[in-house]
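*Asks:* Throw the hints in and build the complete structure from the sequences for me.
As you go down the protein sequences, you meet chains U and P in turn. For the record, in the first sequence the residue sitting at position 35 is 35 according to my numbering, with numbers rising by one throughout. For the record, in the second sequence the residue sitting at position 145 is 145 according to my numbering, with numbers rising by one throughout.
Derived from the structure by calculation, the hints contain no laboratory data. Where hints are given, some of them may not hold.
[Stated by the list, open to error] Below, computed lysine to any residue pairings styled on SDA-like, alpha-carbon distance capped at 20 Å:
| no. | chain 1 | residue 1 | chain 2 | residue 2 |
| --- | --- | --- | --- | --- |
| 1 | U | Lys90 | P | Arg31 |
| 2 | P | Lys252 | P | Gly400 |
| 3 | P | Lys252 | P | Gly395 |
| 4 | U | Lys90 | P | Glu326 |
| 5 | P | Lys445 | P | Ser418 |
| 6 | U | Lys24 | P | Gly395 |
| 7 | P | Lys252 | U | Phe19 |
| 8 | P | Lys444 | P | Asp434 |
| 9 | U | Lys90 | P | Glu79 |
Here are the chains, one letter per residue:
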Amino acid sequence: MEALLIPITVFLLAGFVGFELITKVPPTLHTPLMSGANAISGITIVGAIIAAGTSNGTAATVLGFVAVVFATINVVGGFLVTDRMLEMFKRDDR
Amino acid sequence: MNETLAGFLYLLAAVAFILGIKRLSSPATARSGNQYASAGMLLAVIVTLLDRSIVGYGAIAAGIIVGGGVGAYLARSVEMTAMPQLVAAFNGFGGGSSALVALAEMSNFTNLPVRTLVTVAISIFIGGLTLSGSFVAFGKLQGIIDGRAISTPGQRVLDPLLAIGALAAAVAIVVSDNAASGWILAALAVVLGVTRTLPIGGADMPVVISFLNSASGVAAAAAGFVIESNALIISGALVGASGLILTNIMVKAMNRTLGAVLFSAFGATGDTALAVGSGDRVARRGSPEDVAVSLAYAKRVVIVPGYGLAVAQAQHTIRELASLLEGRGVEVRYAIHPVAGRMPGHMNVLLAEADVPYDLLYDLEDINPDFPSTDVALVVGANDVVNPLARSDSGSPIYGMPILDVDRSHLVVVVKRSLSPGYAGIDNPLFYQDNTLMLFADAKKGLAEVVSSIKEL
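*Replies:* Put into C-alpha cells, the structure is as follows:
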C-alpha cells in the first residue's frame, strides 16, 4: 500500500486547495462554478482516450469509445455552456 | 513523448484548472477563468494523444467527434431555466465515463495489482451511481419522471441488499480480478443510483445534483488512482471539494441536513406541513395601478425574485420595470436568496440573461440590514424564503432557515397567483401583514400591467 501514499497525498492537498478556492467564489457565480467544475471532472477523458487507444480486443475498444464519447460530452458541453453563462454577466456601466 | 515531460505538462494542465477556479472569484475575471480551465483540458488531451502506448486513433477520433458534437449542441441549445438538468446530464456522462475507464482497464489487463483493483472498484461504483442518479435527477427536473418523492415499501429492504451485493462484487474484484465481477458491480451501482434518487422529491434535486457533482469528482480522482495520473487526481479532488461546499450551502439555506435530503422522502410530499390556517385574516389586495403608484414614488425598491419569476419567463419584464423606475430616479436593487431558482446561483444567471447588471444583485447577508430603510420590497414568485415564521415560530419546519427580511420594509408588494402555501406547505403570515399589498396575477402579466400603469403616470 506504500505506493498509494503519494497519490493520496496529492488528492488530499488538492482537496484543501479546492476548498480554499471555492469558498472565495461569490454566490452569484455558483451556477457557472458548478457547471465549470463539472467540465473539469470530465478530465477522465484522459483515461478514456488511453482506454480507447490502447485496447486489445473489440470489447475493450467499444468500452473505450463509449468512455471517450461520454467524457467529451461532459468536457465540451460543460465548458461551452459555462462560457455562455459567464458571457452574460455584465456590470452596471452607468 | 518523454514520460517526465508528459507528467510535467499534465501538472501544467492541473495548474490551469486551479488558476481557472481562482479567477471565478469575481464576475469580471470569471470568463477568462473558464478559458484557462478549457485550455488546461485541451493541453491534457493533446499530451494524452501523444502517449506512445496508443496504438490506434480510430475509436478516439470517432468518440471525440460524436461526443463533441452532442456536447456542443446541448450547450448551445439549452434554455437558461433548464440549466440544472443540463448540469445533471453532463455530470451523469462524466460519472459514466469514469466507470467505463475502470471497466476497460479490467478488460485490457490481467493481474492488476491489488491497489489498482481497489480503485477500480471505487471508480466503477461511484461512476455507475453518478451515471444513473444524475439521469434520474435530469428526468425529474425535466418532468419526464414524476417529480414527487416515489418510494416503495420494499425500498428499506432492497437498498441494503443492493449495497451488500455491491460490496461483495467489489471484494470479488479485488480478490479475483475477473471482469464479470466488474460488470456486476457496475450494474448494482446503476440500480442503486436509481433507487436512491427516485425517493427524493423534485424540489430537493439541486442538492442531489451538487452532491453527485462532488461524487463525479471523486470518481475522476479514483480513475486517476487507477491509471496513475496526478492530473486526474488533482482535478477530481478540486471538483469533489466544490460539490461538497455547494451541497452544504444548499442544505443550510433550505434548513435541511444532507442526510435528511438523501434518506427521507420529505421532498414534495408536503405532509410535514403545519399549516396555521388563514382563519379570518384578510390579505390586502392591490391593483396594478396601486402597485405602480407605490413603486413610482418610492426612493428605494428591492426586488425579490423567486423561481416563479423564471417559470413565468418574467425576468425580462422585471428588467423593463426596473429600468423604468431607475429612469424616474428610484434606486432599484435585487435580493437573491441562496436557493432562489433551482440550483445555487441559478437566479443570478437568469437575471444576467435579462441584462440585469450583476452588481445590483445582493446576497442575503448584504441586503437584510437594508430592508428597514427600503420603501417597497417587490416579491415575485418567492414564498418560503420570505416567510417570517422562519424567525419567529420555533415549531415551524422552516424555523431557523435564513430568510430575506422583506417584512421589515415600509411596504411589501407580493405578486402571486393565490394565497396558496409554497413548497414547504406552510402558511405565510407575510401575506396578511398591514404593510403588505397582494397583487394576484401571473408574474409576467401582472408585472406587464404594472409597467404600463407606470408609463401612464
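*Asks:* Next, verify each hint and record whether it holds.
*Replies:* Against the structure, the hints come out as follows:
| no. | hint | verdict |
| --- | --- | --- |
| 1 | U/Lys90 x P/Arg31 | 11 Å, holds |
| 2 | P/Lys252 x P/Gly400 | 10 Å, holds |
| 3 | P/Lys252 x P/Gly395 | 18 Å, holds |
| 4 | U/Lys90 x P/Glu326 | 17 Å, holds |
| 5 | P/Lys445 x P/Ser418 | 14 Å, holds |
| 6 | U/Lys24 x P/Gly395 | 35 Å, violated |
| 7 | P/Lys252 x U/Phe19 | 17 Å, holds |
| 8 | P/Lys444 x P/Asp434 | 25 Å, violated |
| 9 | U/Lys90 x P/Glu79 | 19 Å, holds |
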